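Engineer: Protein chains in written order, with full-length UniProt numbering: chain A, 1 to 414; chain B, 1 to 542.
Among these hints, one or two may not hold up.
Stated by the list, open to error - Have a look at the derived ranges for each label pair, beta carbon to beta carbon: (1) B:330 to A:255: 30 to 36 Å; (2) B:178 to A:303: 18 to 24 Å; (3) B:64 to A:356: 40 to 46 Å; (4) A:114 to B:271: 41 to 47 Å; (5) A:265 to B:483: 22 to 28 Å; (6) A:114 to B:276: 33 to 39 Å; (7) B:276 to A:265: 52 to 58 Å; (8) B:199 to A:408: 50 to 56 Å; (9) B:199 to A:66: 39 to 45 Å; (10) A:114 to B:21: 43 to 49 Å; (11) B:356 to A:201: 52 to 58 Å.
Treat the hints as calculated values from the structure; they're not laboratory data.
Just so we're clear, the structure is a prediction, and the values are computed from it rather than from any experiment.
All C-beta atoms in this analysis are idealised placements derived from N, C-alpha and C, irrespective of residue type, glycine included.
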Amino acid sequence: MTHQTQWTTSIYPLLERTGPFANTGFEPEALHTCKILVIGAGGLGCELLKNLALSGFKDIHVIDMDTIDISNLNRQFLFRQSDVGKSKAEVAANFIMKRIVGCKVTPYFGKIQDKDTEYYSQFTLIICGLDSVEARRWINATVVGMFDPEDPSTLKPIIDGGTEGLKGQSRIILPSFTACYECSLEMQTKPKTFPICTIANTPRLPEHCIEFASVLEWPKHFPDTKIDGDDPTHIKWLLNTALERAKEFNIAGVTYSLTQGVVKNIIPAIASTNAIVAASCANEAFKIVTNCSIYLNNYMMYTGDDSIYTLTFPLEKKENCSVCGSAKVNLDISKEKTLLELIDILKELPEFQLKKPSLRSLKTSLYMQAPPFLEEKTRVNLDKPLMELITNGEELTITDINLPISLQLTVTFV
Amino acid sequence: MQQPNTKTQRYDRQLRLWHNHGQQALENSKVLLINGSATGTEILKNLVLPGIQSFTVLDGNKVANADLGNNFFLTRESVGKSRSKEVTDLLRELNNDVEGNHLEEDPTNLINNDLNFFKKFTIVVASQLIEVELLKLSAFLWENNIPLIVVRTYGFIGYLRIAVPEHTVVETHPEQIVDLRLDSPFKELSTFANSFDFSTMTSFELSHVPYVVLLLRSLGEFRQQYGHLPSSTNEKNEFKNLIKQKMSGVTSETENFDEALSSAFRTYSPTSNTQSILQDEKISNLNLKSTNFWILAKALKSFIENEGNGFLPVAGTLPDMKSDTTSYVELQTIYKNKAKQDVASVNNYLLEILNNLGKPKDSIPLEEVERFCKNANFLRVIKYRSLNDEYLNASTTLGFTTNDILHLTVLKKKKFFYKGKLLEDLNSNVVFFVLIRAVDSFWEKYRRYPGVHNSEVDADIPLLKRCTQNLLQGWGVNPGLIQDDHIHCMVRAGACEMHNMAAIQGGIVAQEIIKILTGQYIPLDNSFIFNGMNSTSTTFRI
Ligand SMILES: [Zn+2]
């Protein structure tokens with residue numbers, strides 16, 4: 001590196017000299033020429049943009065579809081009270097460019113799904129600071145799917161961070177070399193759900209009363225309106241309904257905060273945990289791009305509720321991963337079982353987390369969740385035993401809104 | 001019920017972790033930062049956002065160009081101006097409710113001439129402070145019971161040390177508090193359990209009997225037959241059979257019976273932690289300076305020795321379980337009422353103690369007594385080691401041996417799975433604790449850090465090696481323990497403070513400070529190294 005600017009003094013010793021823990025292919029110049037994408041301009045995203053800018057990255061893009069909410073201000077430090085309602089990506093980008101001269105941040109206020117593979121292929125590396133499993137699965141499938149073993153330039157590392165309260169993790173996904181997000185889907189903690197019969201008949205917890213209001217009562221009263229967890233009139237209606245229910249059953253503990261928490265599936269979030277995870281992700285990006293040091297292999301978990309504990313380990317690829325493996329699944333099942341029972345079994349499989357699977361055989365649609373006319377037409381199949389619908393060893397194709405690509409399922413009768 | 005106010009909305013995501021009383025504790029805290037370095041401002045950022053009362057930046061430096069490269073809370077216009085003032089102004093923008101102060105003065109002067117200045121803070125963070133002054137300051141803070149956080153960011157290495165004579169935690173936030181008193185049911189609980197007539201119940205009713213009732217009844221039957229609780233394997237099987245017998249009338253699902261079988265031998269007696277806390281001499285030596293924790297501990301002890309019959313107060317929480325609504329709510333009320341009764345008894349002892357101490361009755365509110373009783377089995381006391389003891393008695397009490405160093409690294413951790421050629425060497429992050437000390441003694445000797453300029457790197461490696469060996473010899477440790485690669489790695493870093501490492505440290509240190517200030521969750525005891533190369537860390541007590 002020939003020019004040492006004021007911006008890089010804190011990193012130049014590690015970039016100008018190689019050392020015992022540097023990787024081969026030491027490439028400090030890459031820092032100033034590469035293009036990085038940050039997905040999410042929230043708790044992790046704000047931190048990431050700051051960290052990358054101060055690490056010497058000059059060309060950063062950021063995508064976020066959200067606008068700023070008052071409950072973001074306890075950690076999303078690039079936003080102020082007066083920014084509430086504005087685009088997170090735009091406000092964050094402007095803030096960074098104002099504070100750090102020479103760093104260009106290009107915001108996109110919209111969904112990741114708006115962009116195609118051509119867009120994603122312009123980046124050297126993609127960092128995700130997302131809070132949704134669906135978005136992560138989508139970007140993972142897209143970026144892993146872009147990799148062509150014949151063309152090394154199509155390999156785009158993904159660095160993924162996540163936090164929950166005093167816990168968090170950062171990880172590196174090198175498509176086809178390490179586990180991908182889909183490989184480790186089982187590690188995701190599922191949002192708590194309660195059985196409908198408990199909610200309807202034997203409520204015990206305040207959460208049961210809130211679910212009664214949101215799952216059973218709301219659709220009856222407002223069939224055409226989706227619940228908006230940020231709309232205080234919605235939350236108030238749910239709260240009052242839940243309170244009535246709680247009173248009827250003598251259940252204590254229904255509050256505004258709990259109602260909003262259950263309805264929005266709120267996860268506690270604080271500045272310090274975000275700082276740790278985002279800085280770890282940026283640190284890995286810095287090392288991967290410059291090769292100035294060995295990097296994380298490939299998963300680091302942090303827990304802060306009892307002392308400070310981290311666990312670093314290589315997450316293994318999954319043979320039959322539906323994204324990076326051979327997406328084939330074998331299932332042994334009695335031929336007497338109905339199609340509906342098969343669907344229920346599929347929904348229970350933790351590695352796929354299907355919501356509303358549709359099934360097709362080679363010849364015909366067995367059951368389609370949408371569009372409505374097709375759903376109606378295929379609904380009759382649900383109660384039929386499998387032996388009437390498919391043959392032993394037949395390969396079925398499963399699609400699902402939760403599944404980034406389709407899945408091949410081989411059914412063997414036992 | 002009212003919609004929450006702006007402040008509650010702003011802090012919603014953190015209140016779910018430490019609640020209003022934790023927030024109140026934060027809002028009463030005054031934090032001092034010594035040196036407005038990148039690491040220091042990152043720490044403060046993560047404390048200003050959740051809303052401490054005030055922060056003060058003590059720094060005698062002017063902003064240099066180099067500061068702009070790693071410190072987010074400076075701008076181009078800051079260069080040449082007071083670093084304490086510049087970072088304070090930009091940090092203050094993060095939260096209008098937090099007061100920010102700056103003091104442009106060399107911390108060394110203040111430590112040497114006006115130690116009392118440090119008395120007005122709740123907690124002190126020392127970033128990049130050198131040994132002599134650090135020890136002087138730490139001795140003073142130790143005497144005044146003010147927690148000191150020492151933090152260093154050096155290349156890819158982060159170091160953190162906490163020192164305060166004692167830290168007590170009531171709410172450690174265990175996953176779940178399950179206190180069912182199955183092996184020693186109180187009267188109201190037994191009466192309730194005996195009110196069920198299984199013989200007249202339908203299958204649906206049977207499948208909705210809370211498992212607590214199933215267990216209490218089966219235990220009662222077992223005791224009648226054997227005169228004691230099930231202990232041998234045979235007896236335990238016999239007991240499980242008693243549970244299963246009740247299942248015969250159930251034709252549908254048996255979730256509640258499954259719950260009963262899996263919790264069959266759940267007992268609840270004081271943990272060793274709580275027992276040793278109750279033996280602490282602080283309880284017998286209560287005085288006006290005693291903290292609420294120890295006063296409450298004494299009241300708790302009196303309760304256990306009297307009404308409690310050797311047991312802790314009932315926690316009063318009931319986990320969710322398969323049940324019909326009425327039985328569940330009734331059971332919940334029984335536990336809650338018993339907990340209330342126990343709290344009242346503890347509170348009576350407390351009032352007596354407060355009276356004897358000459359303290360006002362209301363100096364410990366009932367809410368605090370309730371929290372103490374509910375968490376009685378999860379209390380935590382950490383007695384730290386002072387920094388002065390660590391530095392000055394290294395050879396005797398540091399107890400560092402070759403084996404210890406190797407031992408410490410595997411504490412709590414799985415072996416790392418790296419396959420790379422140099423990575424075996426990285427297993428021991430404690431090596432970097434030694435090397436942080438070594439670069440400091442390098443500084444003491446040469447008044448500069450090793451490898452700051454390219455031209456010095458080669459020559460500084462053997463110099464740092466000598467410093468390291470001297471240090472280890474002084475501790476009575478095999479000087480050959482530290483590998484050349486690690487020494488080279490420190491020289492290569494040239495004392496740089498990379499932003500990412502500063503930000504990781506900023507997060508980790510702020511997290512520990514929040515735990516200390518709120519008195520919730522368990523903070524580090526006492527040292528921590530983060531290795532930013534392979535992203536591993538080591539926690540150890542030195
Ligand atoms: Zn995969």
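Engineer: For every hint, state whether the structure bears it out.
Structural biologist: These are the hints, each one checked on the structure:
1. B:330 to A:255: 30 to 36 Å: 23 Å Cβ-Cβ, so the 30 to 36 Å window is violated.
2. B:178 to A:303: 18 to 24 Å: Holds - the Cβ-Cβ distance for residue 178 of chain B and residue 303 of chain A, about 21 Å, lies within 18 to 24 Å.
3. B:64 to A:356: 40 to 46 Å: violated (60 Å)
4. A:114 to B:271: 41 to 47 Å: violated (54 Å)
5. A:265 to B:483: 22 to 28 Å: violated (49 Å)
6. A:114 to B:276: 33 to 39 Å: violated (60 Å)
7. B:276 to A:265: 52 to 58 Å: Given range 52 to 58 Å: violated, Cβ gap about 40 Å.
8. B:199 to A:408: 50 to 56 Å: Taking Cβ atoms as reference, residue 199 of chain B and residue 408 of chain A lie about 55 Å apart, which means the hint holds.
9. B:199 to A:66: 39 to 45 Å: Hint violated: Cβ distance 59 Å, outside 39 to 45 Å.
10. A:114 to B:21: 43 to 49 Å: holds (45 Å)
11. B:356 to A:201: 52 to 58 Å: Since the Cβ atoms of residue 356 of chain B and residue 201 of chain A sit about 54 Å apart, the hinted range of 52 to 58 Å holds.
Against the hints set out earlier in the document, violations occur for numbers 1, 3, 4, 5, 6, 7, 9.
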